[in-house]
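> The lines below spell out each chain.
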Amino acid sequence: MLTFQIAFRNILRQKRRSLLTGLSMTGGYMLFVLGYSILEGSYGNAIDIFTLDNSGHIQIHQDDYLDRPKIYKTIQNRDQVEVALTDDSDVKSFTPRVFSPALAYAGDRTAPSRLIGVDPDLEPTVSRLLQKVSKGTYFSSLPNTDGYYEAMIGRGLHITLKLEVGDEIVLISSGGDGSIANDIFVVSAIIGNKTSFDRMAVYLPLAAAQEFLSLGNDVHEYVLLVNNKDDNEKIANELSAQLPELTVSPWQKVEATFYRTMQADRQGNYFTMGLIIFIVFIGVLNTVLMSVLERTREFGVLRAIGSRPMQLVRMISLETFVMAFISVLVGFLLILPIIYWSAEVGFLLPEPIDMGGIKFQHLKGEMSARVFWIPMAFILATAVLISIPPGLRAARILPKEAMGSH
Amino acid sequence: MFRILLLLCLSLPALASEERAREIIDKMEQLYRGGSSDATMTMQVQTPNYNRTLTLAAQSFGKDYGFFRIQAPKKDRGIATLKRNEEMWNYFPKINKVIKVPPSMMMGSWMGSDFTNDDLVKETQLIDAYSLALIETVDQYKVTLTPKEQTVTVWDRIEYTISKDPLLPLSQAFFDDDGKKIRELTFHEPKEYYGKLMPSILEMRPLNKEGHLTRIKYDDIKFNVPEITKDTFSLRNLKSRF
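Here the protein sequences come in this chain order: A and B.
Residue 29 is where the first sequence starts when you use the numbering used here, and the numbers rise one by one after that.
Residue 238 is where the second sequence starts when you use the numbering used here, and the numbers rise one by one after that.
If we strip away everything but chain B, and leave its shape as in the complex, we get:
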């Protein structure tokens, strides 16, 4: 009896910490999403061989629906990505074609950036697919996410660093099976968008590819937009909403 009690006592803080971590991560995930969101962003892709700047319109609804459309440069204008649950499609207006992104391409680059297709689809499901462990310091939370047994992922763990005040994400580090840090997503320059404070710049840096960097800057983001409903994210809209 005593043993069981002891076990309970010992495991309670652990459970509490997992619960707390879940809460924090969920808040972070909510930050960029709200119930629904409508954003304009600028994506800069830097590589040793080329630099490229894209202007994107992005909409989301809950955690399962996402929609991105390139607005500039002219050559790529209209190219769009639709994400529904765990499925993803790209649309190319020039050839009037919708192409489903196959599972094998999920780790492929999204629109030539350092973000993968998988980042767009699954990133939002951290709390469902990973076990969480929280370490608290004076001004930061450090959450280590390890994939659950049934989760299919290439990451061995993700280290998520969050500042306490204001409660904002600072960085995410992605580690491979050998425990090597493969890439790092950092958050910069918090700005207030319609009363909501959030980092305005995201930088994805693959550490195995020198000189590569993708920077996303939120030019504008609105939350809980009534026009955005589930119906916004249909294949028909992917082809016609432009």
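Chain A on its own, in the form it takes in the complex:
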């Protein structure tokens, strides 16, 4: 307690110098928090964009369907999967899908397309398909009065094939039993825009797609959303244990390229933030060294009256720590409203970012405990670390020489 008092008093001795040093630490902390929050926020945003647009938080497939999709790698024990998913309280919603490449015809025009069979009722609980209808109406699971099933096509197909809502689209593909799948569908809606990942996709109601591809009741994929997206890897592991014969992949595996890029980018950003802190602390180190140097006589006296060298080190560390702590606390109070605002409102972008037909107007930050405490811990630890060399210098002082110096 005494050491603490002395440390505190020493800080207040040179008020202006302490204030300036403190301010540089406060500024460093605020920059760190803001950068971290925006970084995590924009990643969170990007992750939401594609997980909610298409990939979901977790996907379930048969074998290595994810890496080597083959039409016959289907999930057959659907009841078991659906029971497991319904029973899991962490799972918010799920939906089955089937896929196949297909050749699309309209009149004399042809285009390669990607057939995606989705459950018209369950799909909107997992993805933004319903919101992405830009023309026409969302399809139903039943065939129309002429016996044709409805299809929704991507904007790219709409342009390439000059297809409008109500037109017929012919699809040819190969079925799960080796047969040649061929049928006519009626376009009920156009989806997304030219940059959507599904611009060349044809969405079919699940039952129609299964019949078209001769898949019976099988599906290729289950996509699910979880209640807390940060837990998705843990939940994927739990589900994997429950469904050992299937492959359960969190989005980090589904979108592995994005995830790796994100991790690399993140490390680059951490390095930049580390650099800011490093520059701040060169200043801090200078301050501490100065204060040690000008108190050489004092330390000589302290040593002479019986202070242990360790006590001196501790005292100097504590001085720096207390100063850093106060600075960080002030910084926290100052940055809190800014982070809150950035998470709620966000920075208005000069041009909205278009992600597959859904527009993002604001760059938003992340508001969470880690955004505050990780920079805090980092700064406090660095403060203690850099105070050690000046402390050792003070501890090595010989009373006789120190008291003789000016």
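Don't take every hint at face value.
What follows is a list of derived Cβ distance ranges for each label pair [claimed, not checked]:
| id | chain 1 | residue 1 | chain 2 | residue 2 | range |
| --- | --- | --- | --- | --- | --- |
| 1 | A | Gln295 | B | Tyr287 | 45 to 51 Å |
| 2 | A | Asp136 | B | Thr388 | 31 to 37 Å |
| 3 | A | Gly296 | B | Lys337 | 49 to 55 Å |
| 4 | B | Arg314 | A | Asp116 | 41 to 47 Å |
| 5 | A | Lys98 | B | Arg473 | 36 to 42 Å |
| 6 | A | Ala292 | B | Lys311 | 51 to 57 Å |
| 7 | A | Pro380 | B | Met344 | 46 to 52 Å |
| 8 | A | Gln295 | B | Lys418 | 50 to 56 Å |
| 9 | B | Pro285 | A | Glu261 | 31 to 37 Å |
| 10 | A | Ser268 | B | Met344 | 37 to 43 Å |
| 11 | A | Asp136 | B | Lys331 | 16 to 22 Å |
| 12 | B | Met344 | A | Pro171 | 33 to 39 Å |
| 13 | B | Lys417 | A | Ala235 | 40 to 46 Å |
| 14 | A | Gly296 | B | Pro285 | 42 to 48 Å |
Covered, in the sense of this in silico footprint (three residues per stretch, anywhere, with C-beta under 8 Å from a C-beta of chain A), are these stretches of chain B [unchecked claim]:
| id | segment |
| --- | --- |
| 15 | 329-339 |
| 16 | 344-353 |
Rather than coming from a laboratory, the hints here were simulated on the basis of the structure.
C-beta: ideal position from N, C-alpha, C; glycine also.
With chain A's structure known, arrange chain B on it following the hints.
Same frame as chain A, but now just chain B:
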């Protein structure tokens, strides 16, 4: 002069053997074709992932015209393939569409089987496109077919084995550029169809795809049917003859 004579003497047997091989292969090719033919066959496709059985009606006229139509299962009923010279079209009744098989798809699977589109189109032109070499054993002829310089093919050579008595095909082995056997067509269970003896079962086995096998069984085949003429093999008939 002597040299030329010697050369002539040496090459004569070779020429004769090529001629003989040509004759044998031609006979084999004629076996399934006649002047014209009208057949019903069952095609079984076996893979590790699915098994599928199709009933087909097949007609041919000479070596340049062929016509296949799926009769069962119901889902695929009416899907047809027309082959004229080296061109090929598929017809899908459900979508009422005729689609020409592009050259790039010639090595693709025909109707999901282990036979390629190319098998249907070119198989019948062995004697024109390949050089032949004959080896005779006690009860078999072995003809090695190597593609002529101008022939476009993926095979380095084809080994055709034929039994002498009765004179019937036994197997065809297809080798790639590395000399590796890629697939094998075998002939089984000779049966007499209207006085003509021929193997009733053909089995195509791709050796690079484990567990895959396509078996064609001739349920019935008639030869030199007067109703089948060149006109049978028109695009109009492809769409309407059903």
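> A separate judgement is required for each hint: does it hold in the structure or not?
Structure-based check of all given hints:
1. A:Gln295 <-> B:Tyr287: 45 to 51 Å: holds, 47 Å
2. A:Asp136 <-> B:Thr388: 31 to 37 Å: For Thr388 of chain B against Asp136 of chain A, whose Cβ atoms are near 34 Å apart, the range 31 to 37 Å holds.
3. A:Gly296 <-> B:Lys337: 49 to 55 Å: holds, 53 Å
4. B:Arg314 <-> A:Asp116: 41 to 47 Å: holds, 45 Å
5. A:Lys98 <-> B:Arg473: 36 to 42 Å: holds, 38 Å
6. A:Ala292 <-> B:Lys311: 51 to 57 Å: The hinted range 51 to 57 Å holds for Ala292 of chain A and Lys311 of chain B, with Cβ atoms some 55 Å apart.
7. A:Pro380 <-> B:Met344: 46 to 52 Å: holds, 48 Å
8. A:Gln295 <-> B:Lys418: 50 to 56 Å: At 52 Å between Cβs, range holds.
9. B:Pro285 <-> A:Glu261: 31 to 37 Å: holds, 33 Å
10. A:Ser268 <-> B:Met344: 37 to 43 Å: Holds, since Ser268 of chain A and Met344 of chain B (Cβ atoms, about 40 Å apart) stay within the stated range.
11. A:Asp136 <-> B:Lys331: 16 to 22 Å: holds, 19 Å
12. B:Met344 <-> A:Pro171: 33 to 39 Å: Cβ of Met344 of chain B to Cβ of Pro171 of chain A: about 37 Å, so the range 33 to 39 Å holds.
13. B:Lys417 <-> A:Ala235: 40 to 46 Å: For Ala235 of chain A against Lys417 of chain B, whose Cβ atoms are near 44 Å apart, the range 40 to 46 Å holds.
14. A:Gly296 <-> B:Pro285: 42 to 48 Å: holds, 46 Å
15. 329-339: holds (count 5)
16. 344-353: Check passed, 4 qualifying residues.
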